[in-house]
Structures are given as structure tokens and as C-alpha cells.
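Trainee: Put chain B on the given structure of chain A with help from the hints.
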Amino acid sequence: MRIDLSPRTNRSRLMDGFAPILAFVVAVAIGGVVVAVMGRSPATAFVTYFIAPLSEVWSLQEVALKAAPLALIAIGLAFCFRANVWNIGAEGQFVIGGLFGGWIAVATHGAGGSTFWVLPLMLAVGTLAGVAYALIPAILKVWLGVSEILTSLMLVYVAELLLDYMARGPLRDPAGYNFPQSVTFDDAARLPYLMEGDTLHAGVLIALTAVVVATIVLARTLFGFEVRVVGASPRAARFAGFSDVRLTLAVFAVSGGAAGLAGIAEVAGKIGQLQPSISPGYGFTAIIVAFLGRLSPVGILVAALVIALTTIGGEGAQIDLKLPLDLTRAFQGLLLALVLGADALSRYRVLFVPGTAT
Amino acid sequence: MTLDVLQMVLVTIVAAATPLMIAALGELVVERSGVLNLGVEGMMVLGAATGFAVAVETGSTLVGALAGAGAGLALSALFGILTVVLAANQVASGLAMTILGLGLSGLVGASYVGMKREPAPHLTISGLTDFPGIGRLVFGQDAFVYAGFALVGGIAWFLWCTRAGLALRAIGDDHTSTHALGLQVRKVRFLAVLFGGACAGLAGAYLSLAYTPFWAPAMTAGRGWIALALVVFASWRPVRVMAGAMLFGGATVLQLHAQAAGFGLPGQALSALPYLATILALVLLSLGRRQGGSLAPASLGRVFTPFR
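Line by line, the protein sequences give chains A and B. The working numbering applies: residue 1 is where the first sequence begins, and numbers increase by one. The working numbering applies: residue 1001 is where the second sequence begins, and numbers increase by one.
With the rest of the complex left out, here is chain A (with noise of 0.2 Å):
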């Protein structure tokens, strides 16, 4: 027997919606068998993974808070993901935001005067460090053709270690008693919090804005028209006299703006400082939840929120269950595989068919 593929004309609508939640299905169902032979009940895991986060306001927040640079970073990405452009150093850009943006909390440590500027300066030298990180493969790959796919995953290995480095010299609290991080900004140079006494910050605002934003832009503008024709066929866009240079520059610096700003609130809003290591590997899982989100800003947030459940829902396992989070990251990735998998159910009719293997 054989396996064929026939394209179908359309997408199909019902598969297009049926095929995420398939494959979610069906690696939560991996997923159990694997903790099953690990020696755990597998609906225990569930209500600790899916259910126990969802339950209680702290961990909800927790979950939002995960969820907000993971929306925010993969709506840049699904412009360059659109675009046939694979800008996969969104970690690098990321880091790069934050370590830029708080240099500038260093640098206005302790200031006297008024300060309302501190924030914003932060936010926009955050995004733009993201930006101009992101152009630096973006154009080599139009000034010489050097695949974006490796220059942007190599930067990201430069820019944790410059971030580190800069963490334990010269950004580090001289009365820090030698910790490898930087001074706690002042207030002025943290996000504000949404309600009194809570951990959530007004980076999930920023996510939700982006969200807004990127709807309107891919469905009103003509921009994001752009990124949909040469995504759905770049024949026609060159037809179209649409520029592939300006393209590629213009989805790189969105993608790295948006992970820069990610980068910058995350320091100014979660952590408060700089240290060593500033993200959990968002960048990376940012490049799941695009493809899981079908790279339409809107599935992305409810994407985010999925797999930011299934991390918060991780650390309650490895507490809980003594289960480890590489299992987490697997089933993230067996997730993104199976999605992209079913996918062809909504673009192919997959037919069986008899005879011989070719």
C-alpha cells in the first residue's frame, strides 16, 4: 500500500480548525502513554499539567504571564513565517532587547528629578536593539544570500553570552555583594502592576495590544498583503513588482521588535533586573506557538495560553510528581511535529492507496 497526496483547491475550513485539536489529542495521548511507563498515573498528570493551573488566581496569573512574551514574540515570527522567511533567532533577539532596554534602568539608577521617561526610553531602546540584532541576517541574506536560518540561531548563542558576560561585569551591582546581576531598577523602570498586591504586569496588556494590531495590519493593510501573497505564492508577488528585499527587512524587523520589546518587558516586568539568563528558551518555544496558532495573530493567544499551561503545568509536575520538565519541552515538541503532520489533512486529500510502495 501506498500513501498519496492530492492537493486540494482550498484548504479545507473544517480541517484547517480540526487539525490542531487532533493533533493536541493525540500527543496528550503520547504524552500519557510515556508517563504511564514512567511509573505515574496518567490522569493524575493531566489535572496537574491541563487542570491544576487553571484553578487557582496565582497560577492563572502565572499562566498569563508565561503566555504574553510567548504571543508577543511568535506575532512578529508569523510575519516572517508568512513571508517563507525563517527568522529562528528570536531567542538572541529577545535577550538582546532586554539586556538594552535594562542597561538603561542601570544607567538611570537612583536619578533624581523626574523619571516618567525612564520606562518608555526602555521599552523603545528594547524594541529597536531587537530590531537592528534581527537586521544583521536579514542583510547578509539580501546583501549576499547567506541563509537567515543560520546566522540568526548563531547570534543567538553571541547574544547570551554577551548578555552574560555583561551581567557579571560591567552591568553588575557594585553592592551586590558579588551575585552576578545587576542592581533592582527603581520603580520608574518597572512595569506597573494591573491590580494591587498581584504578580501581573502590564506586559500582558502589550501582548494583547500586539495581538489587536497584527490582526488589523495582516488583514488591512497593504503590508500585510504583501506578506500573504508572497507566502501564498511568490510567483505572483514578483508578478505583483512586490520587493523581496524590502520584504525580507521589513518582516525581520518586525519579528525582532517584537521579541526585543518581549525581551525589555520581561526584565522590566517580571524580573526587575538583570541576570545572567533572562528567558526560559521563549524565543524557541515562541517558533511552536506560531505554528500552532496557524500563524493568524489570534490563534497564536489562545497557542500562547495552551503551551504557557503546559509549562506552569510542567513545574507543578516536577514538584507534584517528580516528573522531569524535559518531558514538558519534549511533548512541546512532538506537539509542533504533529501539528505540522495534520496539517496536510487540510491541504492534501491523503489518499490509500493499494499496490506496491514507491
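Wrong hints could be hidden among the right ones.
Claimed, not checked - Cβ-Cβ distance ranges computed for the label pairs, FRET-style:
| # | chain 1 | residue 1 | chain 2 | residue 2 | range |
| --- | --- | --- | --- | --- | --- |
| 1 | B | I1134 | A | A175 | 50 to 60 Å |
| 2 | B | S1177 | A | P354 | 19 to 29 Å |
| 3 | A | P354 | B | E1118 | 46 to 56 Å |
| 4 | A | W58 | B | L1287 | 46 to 56 Å |
| 5 | A | L325 | B | G1153 | 41 to 51 Å |
| 6 | A | D16 | B | H1257 | 47 to 57 Å |
| 7 | A | L194 | B | Q1184 | 53 to 63 Å |
| 8 | B | C1161 | A | R238 | 37 to 47 Å |
| 9 | A | L54 | B | A1221 | 29 to 39 Å |
| 10 | B | P1306 | A | G145 | 23 to 33 Å |
| 11 | A | G39 | B | A1077 | 20 to 30 Å |
Said to hold, decoys possible - Where chain B lies over chain A, by a calculated footprint (3+ residues, C-beta under 8 Å):
| # | region |
| --- | --- |
| 12 | 4-10 |
| 13 | 88-97 |
| 14 | 122-134 |
| 15 | 140-150 |
| 16 | 287-297 |
| 17 | 318-330 |
Claimed, not checked - Calculated pairs, SDA-like style, for lysine to any residue (alpha carbon to alpha carbon, straight line, at most 20 Å):
| # | chain 1 | residue 1 | chain 2 | residue 2 |
| --- | --- | --- | --- | --- |
| 18 | A | K322 | B | A1110 |
| 19 | A | K322 | A | S59 |
| 20 | B | K1187 | A | V350 |
No lab work stands behind these hints, which were simulated from the structure alone. This one's a predicted model, so the numbers in the text were calculated from it and none came from an experiment. Where a beta carbon is used, it is the ideal one built from N, C-alpha and C, also for glycine.
Mentor: Chain B in isolation, oriented as in the chain A frame:
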């Protein structure tokens, strides 16, 4: 005396180059068939974890190495099903394999963190291995190194001297025409993907069984990605992959010596060297090739469905 010092340096360079070489050679075959496998890093790290775990359990380095290759092969089979059978996007699928491989390797290796084994045995031929100057370099390596060099010759011979190799290269250049000619595009690609996965797994097993004989989470540290860059750098030719791997191995060794010597540079700057060198190599390569088309297989990264 100085000859022996030079030999020592060369031996460490070869050791650092071997994992890059083996993984890049496997990826070269995959890309020659027209598939871009970005999951090398994941397959490598899974091979490292599995290889070490199995070697500890069985007490055999050989069985460990085979298990490492097998683990890479298994992960690449999933990649093959996604990209070759279901025509999924190759870039995204490869990234999924890297994330999945990193997660799985953590699960496999969890109970082996902190253990140490004897490194894989080195060849000793009395008289030859002790030969001053070149004895250890030529006759005193471990089996992985010899396997790596055998792969260079074997793959070069297969791709340019056999009918099957010609078919594989043709499929990588134009899957539509070769399909029309009756070549089995998807079967060849799937086999190439499996071979590449096994090579990546073996390269990972070399890291945990010979290079640094222990398991540490994410111990590949981006070597899978450097191997990918190496294939581009070598313009899809096995002998150039070997040369490029030596160059990168040299850069790694240089960085280690510089770390030890100090030089007043921060350690992080030196650690960043291999990654910056990769970018620089790709840039220089492109600068040298401004005119003339790309040397990449023409169908690289494009999905193929037999109905079209």
C-alpha cells in the same frame, strides 16, 4: 620535541572535528537528495544521551555507539514521515525535531548525569603508534575518527561513482523530472533522511563516548547547527566538508587554549568565537561567489507531492 607538540595539537583538532564531520556528512547526503533537515542538533543530542545510557547499561562502547546512531535514525524516521510522506514544511519540521530531541535526550539521560566512563579505546599498533611525529595522529585514533574518514571516501564514491548516487543527486536537483523518469523520489529521500539521522546520532554518541566521556544536558552546544553551516560552507562536497570540519575543529581548539592562556579577553568572547566564525565563514563564502548561481541542490527544501 616540537614535532610531538605539533602532533598533540593536530590530534586534538581531529578529535574536535570528528563530530562535526560525521554529522555534516550525513546532512550532506540528505541535502543532496533535496531535503533540508534542521533537526541535526536534536538527533545529535539524542544520540549522545542514548549512546551513553546504553553504553553504561551494557558496558560496551560499540553497542552504545550503535544505539546512538539508532536513536538518531528513529528521530529522523519521524522527520521523514512528516516531510517526505506528508509533505510538511521542512524548516518547521526540522525545528520540531530539534526541540523534541533536546527534550527526549533530557528524559533518557536524566539518571546518567554525573556518571563517567572510560573513553572509547584508541588504536595501538606496537611500533607504528609510537612512531615519533605522526604515529599517534595516524595510528592512534579511536574508531569514530576512522569511521568519519571512511565516510568521506564512501560518500564521495557513492555520490559520484554509482548509479544510485547519480539518482540521488538528480532527485535533489529536480524532483519533478526525476519523478517523471520513474525514479522513486520519496523512497530515495526517505532513505537519505534515515542515513543523515544515523550519522547525526553517531556524531552525538562520539561526544558522550569518546570526546568527553560523560553525559551532560544539551552537551552538543550547537554543534548540530555548525554541521549544517559546514555543509553550505563546503558547497555540498564531502572532501570540503572534511577540510571545513578541520578548520572548525582548529578554531575550537584555539579557543580552548586561549581560554587557558587568559589573554585578558573575557571567557564569553572566546566562547562566542565558533559561532562568529561560522557566520564569518558563510559571509566570506558568499562574497567569493558573487557571480555565478548557487551551488545548492536546486530542489533543496521544496516539498514534493507525486500528483503534481
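Trainee: Determine whether the Cβ-Cβ distance between S1177 of chain B and P354 of chain A falls within the hinted range of 19 to 29 Å.
Mentor: Cβ of S1177 of chain B to Cβ of P354 of chain A: about 27 Å, so the range 19 to 29 Å holds.
Trainee: Range hint 41 to 51 Å: satisfied by the CB atoms of L325 of chain A and G1153 of chain B?
Mentor: Given range 41 to 51 Å: holds, Cβ gap about 43 Å.
Trainee: How does the Cβ-Cβ distance of P354 of chain A and E1118 of chain B compare with 46 to 56 Å: does it lie in that range?
Mentor: 53 Å, holds
Trainee: With a cut-off of 8 Å between beta carbons, are at least three residues of the region 287-297 of chain A near chain B?
Mentor: holds (count 3)
Trainee: Within 29 to 39 Å or not, the Cβ separation of L54 of chain A and A1221 of chain B?
Mentor: 37 Å, holds
Trainee: The hint says 23 to 33 Å between P1306 of chain B and G145 of chain A; measuring C-beta to C-beta, is that right?
Mentor: With Cβ atoms ~30 Å apart, the hint holds.
Trainee: Just to make sure I understand the rule, a stretch counts as covered if three or more of its residues have a C-beta closer than 8 Å to a C-beta of the chain. Does the region 122-134 of chain A meet that for chain B?
Mentor: It is violated, with 0 qualifying residues against the three required.
Trainee: Is 46 to 56 Å respected by the C-beta to C-beta distance linking W58 of chain A and L1287 of chain B?
Mentor: 54 Å, holds
Trainee: Under 8 Å between beta-carbons, do enough residues of the region 140-150 of chain A, three at least, approach chain B for the coverage claim to hold?
Mentor: Three-residue rule met by the region 140-150 of chain A, so holds; n is 7.
Trainee: Using the C-beta atoms of G39 of chain A and A1077 of chain B, is the stated range 20 to 30 Å upheld?
Mentor: 27 Å, holds
Trainee: Given that the region 4-10 of chain A was listed as covered by chain B, double-check it with a C-beta distance under 8 Å for 3 or more residues.
Mentor: Coverage by chain B holds here, the residue count being 4 at a Cβ distance below 8 Å.
Trainee: Given the proposed pairing of K322 of chain A with S59 of chain A, does the C-alpha separation stay at or below 20 Å?
Mentor: Holds, at about 19 Å.
Hint compliance for this structure: hints 13 and 14 are not met, and every other hint is.
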